[in-house]
Each structure stands twice: as structure tokens, then as C-alpha cells.
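Enquirer: Sequence:
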Amino acid sequence: MKERLIALIESALDSLIAAGTLPADAKRPVQIDRTKDKSHGDFATNIALMLAKPAGMKPRDLAEALIAALPADSAVAKVDIAGPGFINFFQAEDFLNSQLDAALADAHLAVPRGAPQTVVVDYSSPNLAKEMHVGHLRSTIIGDAVVRTLEFLGHQVVRQNHVGDWGTQFGMLLAYLDEQKHEESAAELSRELGDLEGFYRAAKQRFDESEDFATRARGLVVKLQAGDADCLKLWREFNDVSLSHCQAVYDRLGVSLTPSDVRGESAYNDDLAQVVADLTAKGLLSEDQGAQCVFMDQFKNKDGDPLPVIVQKADGGYLYATTDLAALRYRAGTLGADRMLYFVDQRQALHFQQMFALAKLAGFVPEATELAHMGFGTMNGPDGRPFKTRDGGTVKLIDLLDEAEQRAYALVSEKSGELDEDELRSIARAVGIGAVKYADLSKNRSSDYIFNFDQMLSFEGNTAPYLLYAYTRVASVFRKAGLAMDAVSGDFQLNDDAEQALAARLVQFGEVLQSVADKGQPHLLCAYLYDVAGLFSSFYEHCPILSIDDPALKQSRLKLAALTARTLKQGMELLGLSPLERM
RNA sequence: GCGCCUGUAGCUCAACCGGAUAGAGCAACGGCCUUCUAAGCCGUCGGUUGCAGGUUCGAGUCCUGCCAGGCGCGCCA
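Residues in the first sequence are numbered from 1 upward in steps of one, following full-length UniProt numbering.
The hints are simulated quantities; they were obtained by calculation from the structure and are not laboratory data. Note that CB positions come from ideal geometry on N, CA and C, so glycine has one too. One or more hints might be untrue.
Said to hold, decoys possible - FRET-style restraints, in silico, Cβ to Cβ:
hint, residue 1, residue 2, range
1, Asn-444, Lys-27, 52 to 58 Å
2, Arg-201, His-108, 45 to 51 Å
3, Phe-295, Asp-240, 38 to 44 Å
4, Ala-77, Ser-11, 34 to 40 Å
5, Asn-444, Ala-77, 31 to 37 Å
6, Ala-102, Leu-361, 44 to 50 Å
7, Gln-31, Ala-484, 38 to 44 Å
8, Ala-102, Ile-17, 33 to 39 Å
9, Ser-537, Pro-382, 27 to 33 Å
10, Ala-273, Glu-197, 48 to 54 Å
11, Asn-444, Asp-240, 36 to 42 Å
12, Ile-17, Ile-548, 48 to 54 Å
13, Glu-151, Ala-487, 25 to 31 Å
Unchecked claim - With a cut-off of at most 25 Å between alpha-carbon atoms, the simulated BS3-like pairs for lysine-lysine come out as follows:
hint, residue 1, residue 2
14, Lys-223, Lys-204
15, Lys-27, Lys-2
16, Lys-233, Lys-223
17, Lys-223, Lys-282
18, Lys-569, Lys-554
19, Lys-130, Lys-388
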């Protein structure tokens with residue numbers, strides 16, 4: 001509809017220019033927005049305000065001239081001038097109805113799919129040396145929601161779980177693993193690795209207290225890097241266990257990552273020397289205090305001197321910058337990315353600016369490829385400080401999820417005690433996990449946010465339980481009526497304000513998804529679904545569906561309910577929530 | 001010191017590319033269950049958008065300067 005209106009306005013502009021009312025150079029991009037207030041119609045443009053000055057006319061006069069020159073269109077019922085010179089468009093009822101019918105008739109809810117792109121999305125990317133903690137939640141959840149949305153819009157998405165499976169701390173872990181293997185049975189060892197966090201602490205303790213152990217650990221790093229077979233075997237064993245922990249968390253969270261999406265830092269080891277050689281060949285590299293660096297003019301350090309990107313240490317070792325460059329090249333070259341999205345902590349903003357600039361400078365990534373760091377803020381506790389356990393340690397993700405489910409179970413069994421135990425458990429899972437995910441997704445990605453169980457599990461406000469509940473209410477209508485959601489027919493009759501408001505919002509699903517995909521901001525979808533759920537609840541209170549006598553109106557309301565249900569369900573699935581039929 | 005981010009109602013958060021009267025929820029107060037799930041709906045109260053300038057038809061949004069908080073800044077990732 002926006003495109004359609006823009007075309008109309010451009011046509012009107014052209015005729016005003018042809019008539020000499022507007023100077024030929026006065027044309028500029030037409031901006032059209034949805035109105036916030038129903039009294040301003042459905043869409044508005046500020047074009048008359050923008051062009052008033054170059055045209056030498058009063059905005060309202062220009063608006064009037066534009067309206068007079070506007071071609072007729074059956075989708076537009078009325079055009080008005082309002083305020084200082086806004087042009088307001090009122091959508092024709094028939095047109096809205098046809099949009100609703102189109103959505104209802106299509107498995108994809110008539111969401112348009114644009115030109116498909118190959119989008120590489122880097123998200124989750126935990127460090128395998130430790131267990132996943134709350135710091136990994138945001139990347140994992142937000143990245144997954146955006147990935148699902150991109151796929152729904154028809155893009156080819158390549159997930160990249162860039163796990164930390166390399167680095168000096170592995171020497172310590174392998175030394176400890178080796179030591180324990182000799183002292184314990186396989187079963188004991190497996191149990192011990194079950195608590196990776198404890199395993200890491202124990203290894204660290206050994207490292208700190210025993211010089212002998214530390215020496216062995218450092219030796220193992222060298223052997224590992226040299227490709228020693230025994231050492232690699234140990235390393236793989238360790239990573240397998242660690243990865244299986246991650247996968248358990250993903251499964252529990254309902255995140256779409258699988259083992260085949262893992263491509264860790266170590267995957268680029270063989271390419272690192274080549275990256276440095278290529279940078280040298282391009283003449284980008286210079287040595288500084290023994291390290292191989294690239295200096296780019298736009299990056300300055302604290303003294304105003306050029307800030308280096310170090311790609312090789314003085315001792316010959318490589319760094320994460322080197323790995324990231326290799327990954328950029330792989331994603332552009334081998335994976336054929338048109339777009340790369342990095343869901344990584346905001347604190348690495350400078351690093352990514354440098355990487356992106358350098359990757360293009362070095363020709364590792366084509367100029368046209370979009371590189372975007374989708375940074376996010378910190379997850380804080382109710383005190384506004386970084387989320388920690390009572391004794392100040394990091395909170396394991398799995399513990400957080402356990403608590404969420406327990407709390408949800410308590411709430412669910414209180415409200416719906418009549419359901420059987422299995423169903424209570426499964427509802428508690430959807431509600432508890434959904435609440436944690438939704439609390440994160442519904443906030444603006446770039447800012448810090450406060451994690452609060454009570455708030456996210458509340459049935460009121462912009463929460464997962466509220467959305468899930470709204471969906472069960474629609475589902476319940478159809479269950480009660482003994483009808484399938486696709487067994488509705490007839491024409492829409494939207495007479496009540498509540499019906500119209502809901503309908504008008506429902507047809508915006510596609511544009512919302514488009515902005516989620518463009519900006520990597522799932523909170524836009526959350527806000528939309530919350531809105532739809534609220535409008536439905538209002539409709540549900542004010543417009544009886546099943547008990548109404550008029551059969552045509554009943555069908556219309558059933559259709560509206562069906563489209564609401566499908567939109568809510570699809571939206572929740574894109575966010576990675578599990579819609580429930582009952583709760 | 002330089003750079004990035006943040007500052008919106010008592011609290012938690014919104015506000016699409018600069019657009020019309022800055023919106024929700026919680027909390028407080030008041031209504032609505034013989035009728036499709038009240039985990040709901042309807043209403044009242046609550047704001048100098050950190051401060052001061054500027055740009056313009058119009059600024060929470062853009063620019064400048066302050067104030068407050070967070071983060072980053074050469075061989076960790």
C-alpha cells in the first residue's frame with residue numbers, strides 16, 4: 001500500500017512540475033508513514049511541507065494542488081489535508097478486506113518475499129573452555145530470532161557458531177584432562193566434565209599451584225598448535241563434551257542451532273599465515289615493536305596516533321583479529337555472503353569497525369557486501385549491576401533456565417491446577433523458557449537491560465505469558481465451536497472500532513518483519529505482537545463471536561480471530577517461542 | 001586524554017527517515033465475571049524527554065557545549 005501511494009504522489013508531483021506549479025528540481029523522495037491516530041487516516045505524507053519552500057507556496061496550498069493532481073485509486077477512500085499541511089490518506093474498506101483475505105488464503109500470510117540474499121549470521125559463539133553463562137544468552141536468542149525472520153522472508157541464511165575452541169587456556173584444560181584420565185575411571189571423568197565450570201576451576205587451580213603442571217600446560221599448547229596427534233585427540237574429546245553441553249542448552253532454549261552450524265576459531269588456523277601474507281602483499285602491513293600491524297588512518301589511539309590492528313604477535317602467534325579476518329574472507333568467498341551479521345556484545349564495536357574496514361581494504365570482502373555488527377548491551381540484575389550469583393560468580397545459563405521453569409511451574413499449577421501433570425510441565429516449559437527469551441527479545445538490542453523474573457513471568461504487560469495467553473484464547477474459541485481455523489468463509493464486515501483496529505494492525509505483519517530483518521531488532525516484532533494481542537483481547541471482550549445471531553457477522557469475526565491466531569502463532573515462532581493451545 | 005553507548009512517568013520499557021496531543025505495563029485509585037479462559041477488559045492519576053543553546057514550518061530524535069552513568073582504547077577473546 002505504501003508503494004502504491006508513493007506512486008500516486010509521484011505522479012501528482014510530475015503533473016505539477018509539467019504544469020509549472022513546481023520547479024523541475026523540486027522532486028525528492030516521497031515519505032509516507034502510517035499514522036498514529038485514526039483521525040489522521042491510515043497513511044500520511046509530509047511532502048507538501050518538504051516542498052513548500054522550494055515551490056514558494058504555503059504548505060496547505062501545495063497540498064491542495066497535489067491532491068487535485070492525484071490520480072484516482074480504488075484503494076483510497078478519502079484524502080484530506082490536516083495540520084500544517086500533512087496529506088492524510090484513508091484506506092478503502094474493500095482494500096483492507098482484500099488484504100485480510102489474501103493473508104488468510106496464504107500459508108505465508110501474504111508476507112512478500114523480496115530478492116533472496118545469502119545472509120551469514122554469526123551468533124551465540126560461546127567459549128568452549130567454559131560452560132555457557134548468561135552472557136551468551138542475548139547473542140543466542142536475538143541472533144536466532146533474526147535468523148528465523150530472515151528465512152521466513154525467503155533469504156538463504158548460513159548460521160555460523162564461531163565457538164572459542166582455541167587459545168592458550170586449552171593447554172591448561174588438556175593438561176588437567178590428561179592427568180585426570182590417568183587417575184580416574186572413564187565414568188568419573190565424564191561426571192567431572194559434566195560440570196565444565198568446576199573442571200575449569202580445578203584446572204586453573206592446578207595451574208596456579210603447580211609449576212610442574214603449568215609447564216606441562218604450556219608445552220601442550222605448543223604441541224597442540226604443532227598438530228600433535230595425541231594432543232589433538234585430547235582436544236577433540238574435550239570439545240565434544242563441551243559442545244554437547246552447548247547443544248543441550250540450545251535444545252532446551254528452542255534455538256535452531258545444530259552441530260553443523262559450528263565453525264569454530266580453530267577452523268581458520270590453516271589460513272592465518274595466508275591472511276598475514278596477503279596483507280603483506282597488499283602493502284598494508286608494518287612491523288611495530290616486533291608485531292605485525294595494520295594502521296588505518298581513521299582509527300586513532302589515546303595519544304591521537306594511529307591505532308594498530310595487530311595480526312601477528314612479536315612471538316609469531318596469531319590473534320583473534322587474524323581469525324576474524326580469515327572468517328570474513330571465508331564467509332564472503334566460500335559461503336558467498338551478500339550480507340554478514342554479527343550478534344556480538346556492544347563492547348567489541350571498535351574491533352568490528354576495524355575488522356570490517358580492513359576486510360574491505362584488503363579485498364577479502366567485496367565493497368558491496370553489507371557487514372553489520374549487531375551489538376547488544378549487558379544483561380544486568382535487578383540492582384542494575386551485571387547479573388551475578390549471590391557470591392559474585394557468573395550464572396550458568398542452564399541454572400537460569402531451571403529457575404525460570406520452576407517459577408513458571410509454580411504459577412501454572414496455581415492458575416491451572418486442574419490440568420494433568422504432564423501438561424502442566426509442558427506449559428511451564430513454554431512459559432518459563434518463553435519468558436526468559438521474550439524478556440530479552442522485547443528490549444531494544446543496543447541498550448543494557450534489567451533481568452527480572454517477576455516481571456517477565458507476569459501475565460500483564462509486554463511479556464511472553466500475555467502473548468501465549470492471548471493465543472490460547474483464540475484457540476479456545478475454535479475449540480469451543482468445534483471448528484478448524486481454516487474452516488471459515490464469507491466476507492469481512494468490520495463495523496466495530498475494535499474489529500477495525502485489529503484488522504488494520506494485522507495487515508502490517510509483513511512490514512514489521514521486514515524491519516526486523518533490516519535492523520536486526522526483534523523487539524519490533526515483540527511490540528507488534530503485543531499490540532495485536534492487546535487489540536484482540538479488546539475485540540474479544542467487546543465483540544462476541546460464537547454467541548452472536550447474525551451468521552454473516554459471526555463468520556467475519558471468526559475470520560478475524562483465525563487471522564489473529566495465525567499471525568500471533570507465526571510471530572511467536574519467529575521469535576522462537578512455543579505457542580500453546582491451552583494454558 | 002580520545003572514542004563509542006546510555007540518560008524519557010516513582011519502577012521496567014516504547015516512540016518507524018525529524019512529524020501532528022511523547023505511548024504501554026507495573027505500582028496507586030475506581031469500575032466489569034448467570035455470557036467464547038478474569039493469566040482478561042474499561043477508566044483515573046502520573047512528563048520542563050539530564051541541563052543550556054542552535055538548526056526549521058516542526059526536535060525525545062539532528063548539531064554544539066556542559067552534567068551523570070556504562071564501556072572501549074598494541075601483542076586476551
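Enquirer: Are the hints correct? Go through all of them and say.
Expert: Consistency of the hints with the structure:
For Asn-444 and Lys-27, the hinted distance range of 52 to 58 Å is not satisfied, since their beta carbons lie about 35 Å from each other. Judged by the Cβ atoms, the range 45 to 51 Å given for Arg-201 and His-108 holds: they are separated by roughly 49 Å. Between Phe-295 and Asp-240 the beta carbons are some 41 Å apart, a value that agrees with the proposed interval 38 to 44 Å. Between Ala-77 and Ser-11 the Cβ separation comes to about 19 Å, which falls outside the hinted range of 34 to 40 Å.
Separation of Asn-444 from Ala-77 is about 36 Å and conforms to the stated range, judged on CB atoms against 31 to 37 Å. Taking 44 to 50 Å as the suggested C-beta distance range, the pair Ala-102 and Leu-361 conforms, at roughly 47 Å. Checked against the hint of 38 to 44 Å, the pair Gln-31 and Ala-484 passes, with Cβ atoms roughly 42 Å apart. The supplied range of 33 to 39 Å is met by Ala-102 and Ile-17, whose beta-carbon atoms lie about 35 Å from each other.
A C-beta distance of roughly 29 Å is found between Ser-537 and Pro-382, which places it inside the suggested range of 27 to 33 Å. For the pair Ala-273 and Glu-197, the supplied restraint of 48 to 54 Å is violated, since their beta-carbon distance comes to about 34 Å. The hinted range of 36 to 42 Å is satisfied by Asn-444 and Asp-240, whose Cβ atoms lie roughly 37 Å apart. Hint check: Ile-17 to Ile-548, Cβ distance near 53 Å, so the stated range 48 to 54 Å holds.
Hint check: Glu-151 to Ala-487, Cβ distance near 29 Å, so the stated range 25 to 31 Å holds. Taking the CA atoms of Lys-223 and Lys-204, the gap is near 19 Å; set against the 25 Å cutoff, the hint holds. Restraint check: the Cα-Cα separation between Lys-27 and Lys-2 comes to about 18 Å, which is no more than 25 Å; the hinted pair holds. Proposed proximity of Lys-233 and Lys-223 is supported: the alpha carbons are some 12 Å apart, at most 25 Å.
Distance check on the hinted pair: Lys-223 and Lys-282 sit about 32 Å apart at the alpha-carbon level, beyond 25 Å; violated. Taken as a hint, the Lys-569 and Lys-554 pair is honoured in the structure, with Cα atoms around 22 Å apart against an allowance of 25 Å. Taking the CA atoms of Lys-130 and Lys-388, the gap is near 16 Å; set against the 25 Å cutoff, the hint holds.
The earlier numbered hints that this structure contradicts are 1, 4, 10 and 17.
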